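*Asks:* Listed here are the chains, written in short residue letters.
4 protein chains.
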Amino acid sequence: SKYAYVRNYELPDPLLPGCFLICRLDGHSFHRFSEEHGFTKPNDERALKLMDHAAMDVMTEYKDIVLAFGESDEFSFLLRRSTNLYNRRQAKILTTLTSYFTSCYVFHWSKYFPDTSMRYPPSFDGRIVLYPDERSVRDYFSWRQADTHINNLYNTAFWALVKQGGKTTSEAHATLRGTVSAMKQEILFQRFNINYNDISPRFKKGSVLVRVIPSERSTGEKKKRARTRTEVLHCDIIGDEFWMARSFILAG
Amino acid sequence: SKYAYVRNYELPDPLLPGCFLICRLDGHSFHRFSEEHGFTKPNDERALKLMDHAAMDVMTEYKDIVLAFGESDEFSFLLRRSTNLYNRRQAKILTTLTSYFTSCYVFHWSKYFPDTSMRYPPSFDGRIVLYPDERSVRDYFSWRQADTHINNLYNTAFWALVKQGGKTTSEAHATLRGTVSAMKQEILFQRFNINYNDISPRFKKGSVLVRVIPSERSTGEKKKRARTRTEVLHCDIIGDEFWMARSFILAG
Amino acid sequence: SKYAYVRNYELPDPLLPGCFLICRLDGHSFHRFSEEHGFTKPNDERALKLMDHAAMDVMTEYKDIVLAFGESDEFSFLLRRSTNLYNRRQAKILTTLTSYFTSCYVFHWSKYFPDTSMRYPPSFDGRIVLYPDERSVRDYFSWRQADTHINNLYNTAFWALVKQGGKTTSEAHATLRGTVSAMKQEILFQRFNINYNDISPRFKKGSVLVRVIPSERSTGEKKKRARTRTEVLHCDIIGDEFWMARSFILAG
Amino acid sequence: SKYAYVRNYELPDPLLPGCFLICRLDGHSFHRFSEEHGFTKPNDERALKLMDHAAMDVMTEYKDIVLAFGESDEFSFLLRRSTNLYNRRQAKILTTLTSYFTSCYVFHWSKYFPDTSMRYPPSFDGRIVLYPDERSVRDYFSWRQADTHINNLYNTAFWALVKQGGKTTSEAHATLRGTVSAMKQEILFQRFNINYNDISPRFKKGSVLVRVIPSERSTGEKKKRARTRTEVLHCDIIGDEFWMARSFILAG
Ligand SMILES: Nc1nc2c(ncn2[C@H]2C[C@H](O)[C@@H](COP(=O)(O)OP(=O)(O)OP(=O)(O)O)O2)c(=O)[nH]1
Ligand SMILES: Nc1nc2c(ncn2[C@H]2C[C@H](O)[C@@H](COP(=O)(O)OP(=O)(O)OP(=O)(O)O)O2)c(=O)[nH]1
Ligand SMILES: Nc1nc2c(ncn2[C@H]2C[C@H](O)[C@@H](COP(=O)(O)OP(=O)(O)OP(=O)(O)O)O2)c(=O)[nH]1
Ligand SMILES: Nc1nc2c(ncn2[C@H]2C[C@H](O)[C@@H](COP(=O)(O)OP(=O)(O)OP(=O)(O)O)O2)c(=O)[nH]1
Ligand SMILES: O=P(O)(O)OP(=O)(O)OP(=O)(O)O
Ligand SMILES: O=P(O)(O)OP(=O)(O)OP(=O)(O)O
Ligand SMILES: O=P(O)(O)OP(=O)(O)OP(=O)(O)O
Ligand SMILES: O=P(O)(O)OP(=O)(O)OP(=O)(O)O
Ligand SMILES: [Mg+2]
Ligand SMILES: [Mg+2]
Ligand SMILES: [Mg+2]
Ligand SMILES: [Mg+2]
Ligand SMILES: [Mg+2]
Ligand SMILES: [Mg+2]
Ligand SMILES: [Mg+2]
Ligand SMILES: [Mg+2]
Ligand SMILES: [Mg+2]
Ligand SMILES: [Mg+2]
Ligand SMILES: [Mg+2]
Ligand SMILES: [Mg+2]
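Residue numbers (the working numbering), protein chains in the order written: chain A, 108 to 359; chain B, 108 to 359; chain C, 108 to 359; chain D, 108 to 359.
By construction, these hints were calculated from the structure, which means they are not laboratory data. Remember, predicted model here, so these are calculated numbers, not experimental data. Each hint can be trusted.
Heads up, the list lumps identical chains together, so a pair's fine if it works in one copy or across two of them.
DSBU-like cross-link-like pairs, simulated, lysine-lysine; straight-line CA separation at most 35 Å:
(1) K330 - K156
(2) K148 - K274
(3) K311 - K270
(4) K329 - K156
(5) K156 - K199
(6) K199 - K109
(7) K199 - K311
Kindly produce the complete structure, drawing on both the sequences and the hints.
*Replies:* Here you go:
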């Protein structure tokens with residue numbers, strides 16, 4: 108039609124080849140959403156598992172995602188450097204991942220919150236960041252996992268002071284102001300007999316979703332199935348071990 | 108932390124000031140999704156109303172959207188030229204709108220499909236296109252509504268031939284190949300006694316969501332409430348009438 | 108060759124259709140360049156005319172430039188909204204204009220500075236900014252011309268104080284600190300008997316290069332030649348008069 | 108002033124960190140420029156040396172350029188991966204390099220063409236391409252040098268056929284159509300007794316400008332001076348040798 112010229116205003120938005128893509132999603136105003144739905148503090152296992160489930164679905168659908176990391180209301184997805192998903196069109200990749208994750212989150216809600224009906228539709232923002240080399244990808248995930256640890260230690264101490272210590276929230280903040288990690292762990296142990304090491308790895312390390320490495324011995328169809336299966340771990344991803352055992356992640 | 112430098116790879120993505128923003132969402136693989144959920148052919152009123160509901164929620168949440176137009180598995184949202192939503196950050200606007208629309212679609216599903224449970228989570232792609240002037244915005248919406256008409260006429264004739272005329276789908280395609288609008292209307296009328304004019308405006312014109320114009324006489328709180336209420340129309344938006352009655356849409 | 112894949116890293120960079128393009132060039136470190144070549148202070152007519160000459164050549168070469176404005180070490184070029192120069196490829200337009208202007212500047216140097224040989228090659232930075240409507244284009248040029256006036260008044264007063272008033276540069280700065288326009292004109296008049304109105308329009312208004320409007324009576328070849336001739340003015344471009352007499356500038 | 112808001116239309120354009128930048132300049136319509144100025148065919152040593160001189164000046168001015176490669180009417184500049192030149196602002200880097208190169212070309216013209224006055228100002232287009240890793244940078248330069256070889260062999264054979272062989276240009280084209288490298292070398296040798304190996308390395312390999320490696324023994328000021336001196340080579344840059352001897356190029 109004579110109106111079709113308006114399509115010319117749609118400009119191409121290809122992402123630079125040869126770079127890793129990381130897509131990070133983050134819950135929009137989850138401060139409010141978590142309050143309204145009575146999320147357990149500091150960590151709600153149901154909420155976190157729901158996030159993992161949605162992320163798992165995303166990885167099942169988009170095979171070029173080789174790794175995902177989640178914590179709190181956010182998830183990061185790593186697409187392999189050479190991905191040609193949607194011809195690397197930025198908005199297309201970004202919106203389909205964001206949309207599908209959101210959809211899965213709402214879709215699976217009742218499995219994790221059978222007794223809490225969803226009061227309003229949650230949403231997520233998304234962004235894609237390009238990383239040109241292995242080092243910066245590694246550092247990206249270290250950044251997120253270090254963040255998980257810092258936040259979790261703070262929140263764990265904070266809510267122990269409030270819930271078990273009977274402090275007001277302002278008192279708890281004041282108590283923790285300026286403390287380093289070791290001091291927070293000390294407070295937890297001395298005052299509440301909580302050994303931080305015993306806290307669930309899910310809370311301390313976040314969730315790591317990664318394709319399963321087929322065992323040496325499995326072959327053919329079996330191997331293929333393994334490669335496309337994804338597992339949920341709560342392990343360290345800052346050190347080298349995780350990556351050395353999975354060189355395929357940064358391979359190509 | 109020493110990893111925080113990775114944030115520097117996040118680049119700014121502000122949208123040019125002074126331009127209208129149109130965000131168009133489109134169902135991802137809705138050919139399959141509509142099949143799997145038994146959408147009525149050619150038009151499923153439940154599905155279309157669900158789309159409208161989700162779009163309505165989006166407009167309620169994002170006040171800078173002044174107009175929306177929906178058809179089939181897609182919706183277009185017009186943000187006013189001077190919007191400062193998220194400082195006009197492209198990915199932020201694009202993903203929150205896409206995500207929230209998706210969320211609402213899944214959230215409200217059972218209201219429109221009480222007897223059809225959702226078999227898998229649907230998703231939508233999204234894009235933002237800038238239009239610098241009123242003319243191109245008008246032409247954009249004309250483009251979409253002309254498309255609605257063309258598709259609907261074709262589909263209506265096609266499914267009449269198949270469902271009522273007993274043709275195979277290839278025969279129906281063959282029958283319609285090369286026909287102009289008038290001929291399709293003729294086929295509908297002659298063979299199936301369907302007067303295209305009598306077809307539901309929703310199917311012929313799509314859905315137009317627009318903020319209500321406060322009446323001359325209403326004042327204060329009443330006026331404000333009106334301005335923030337949104338109505339769903341199925342009217343022509345190609346001619347001038349619609350726009351002249353609502354100069355606020357293109358105003359600023 | 109097997110290396111040709113590296114071309115895929117060249118990404119498209121089309122500029123949004125329907126917008127005016129303004130390309131602004133600015134001399135790189137002309138503080139130093141003007142010193143080293145003994146430019147007259149505050150305004151060197153030779154230097155300004157050389158800038159005009161280079162800009163004129165650019166307009167002769169690139170017919171889609173409908174207006175140019177120059178002051179000091181900078182020049183702004185307006186390309187018509189519907190230009191399809193190099194398919195609106197950003198880097199291509201930007202670099203060819205910048206390069207050609209630079210080349211002309213060096214090429215014509217000796218015509219304006221017959222007694223001053225160029226000591227080192229000057230360079231210019233360039234940028235393209237999109238403006239979606241007539242208002243913002245008008246305001247852009249008003250911004251530059253207002254800047255010309257402000258700077259020129261300041262510099263004129265400043266150098267009068269230094270050269271004729273025997274002040275040091277710091278004293279001159281101190282004298283002018285906090286003064287409004289009227290006060291600066293007053294200083295010029297009272298202390299140095301300079302009537303600011305008598306200052307050359309070139310210095311007060313900058314240089315306006317614009318295609319000649321063919322007279323009503325001229326026809327055919329004559330009209331065409333006129334349309335492609337460009338004149339240099341030093342007139343006001345903030346008010347409406349200039350633009351009303353030349354509606355073609357903003358037309359399309 | 109009240110017009111200053113137009114600056115908000117200037118959008119940021121930072122280049123992705125961690126990537127190598129390659130800026131390639133290419134003479135605008137040098138087919139015509141070379142004709143008009145009587146460049147020797149197939150290679151004009153004066154013209155090529157002038158290009159080298161301009162490129163050398165650019166490297167002297169912009170220390171973050173670690174390597175440059177020139178052939179015909181083009182030059183490519185490699186900026187180190189971690190460069191922070193102009194805060195990695197794309198247009199700023201691109202235009203200053205393009206402009207300065209152009210300026211130097213015109214400025215030095217008469218040194219290389221003492222008997223040919225410049226008839227009109229030449230210009231260059233420019234582009235910046237990002238390369239995320241060493242491999243793609245190496246391949247980029249291999250691409251250009253392979254191109255040099257292919258073009259030079261073709262042009263050498265072509266002009267031998269025309270100038271010495273008395274062929275028309277169409278006959279020469281026809282003779283070479285479909286021939287591989289070895290056949291062209293054969294033609295040169297059999298018909299014109301030209302051993303391609305004896306052709307000037309400048310023509311076969313192009314120009315490689317690279318910072319001098321300070322000798323092991325030199326220290327302090329001497330070392331520093333060496334590091335900032337640049338040499339012009341006409342050597343192979345496709346193989347590993349060149350790069351292994353200069354690991355600093357790709358280092359950081
Ligand atoms: N109680 C509880 N709250 C959680 C849990 N996970 C996340 N949240 C809440 C706590 C934080 O207020 C919020 C995540 O922080 P953000 O920085 O993402 O802020 P928020 O989503 O409110 O704002 P945003 O739209 O992302 O700028 O989500 C959880 O497991 N339990
Ligand atoms: N039966 C039925 N199908 C519908 C209705 N609305 C949309 N659809 C289906 C028909 C089309 O196959 C599809 C919309 O066409 P699209 O061009 O968006 O294709 P699709 O979503 O399959 O692929 P895409 O991922 O958008 O490229 O949705 C409806 O009301 N009834
Ligand atoms: N004496 C004299 N100097 C002039 C004339 N026109 C321009 N200039 C000098 C004065 C300023 O220092 C300089 C223009 O100011 P800019 O803000 O463009 O600074 P500059 O070019 O030094 O630095 P830049 O590389 O643009 O950031 O050029 C003139 O007619 N006479
Ligand atoms: N005779 C002669 N011509 C040369 C020499 N170096 C370059 N040229 C000419 C031959 C080619 O026509 C031209 C370079 O080819 P390009 O592909 O860059 O084309 P041109 O610059 O004409 O167009 P462009 O504006 O780059 O698209 O420059 C030389 O050493 N001798
Ligand atoms: O944690 P982030 O990256 O979401 O950082 P932020 O402070 O929320 O900023 P924004 O989401 O606005 O980029
Ligand atoms: O109708 P559109 O705009 O979605 O057009 P398309 O042919 O689906 O193309 P794409 O979604 O890949 O831009
Ligand atoms: O006058 P401009 O626009 O050149 O402004 P600037 O302060 O020189 O900044 P820039 O670094 O953008 O040239
Ligand atoms: O050789 P290049 O890269 O200049 O390629 P081209 O065919 O001239 O294309 P353009 O300069 O228009 O990108
Ligand atoms: Mg955020
Ligand atoms: Mg959040
Ligand atoms: Mg968060
Ligand atoms: Mg599509
Ligand atoms: Mg679709
Ligand atoms: Mg569709
Ligand atoms: Mg500047
Ligand atoms: Mg300057
Ligand atoms: Mg300046
Ligand atoms: Mg080219
Ligand atoms: Mg060329
Ligand atoms: Mg060339």
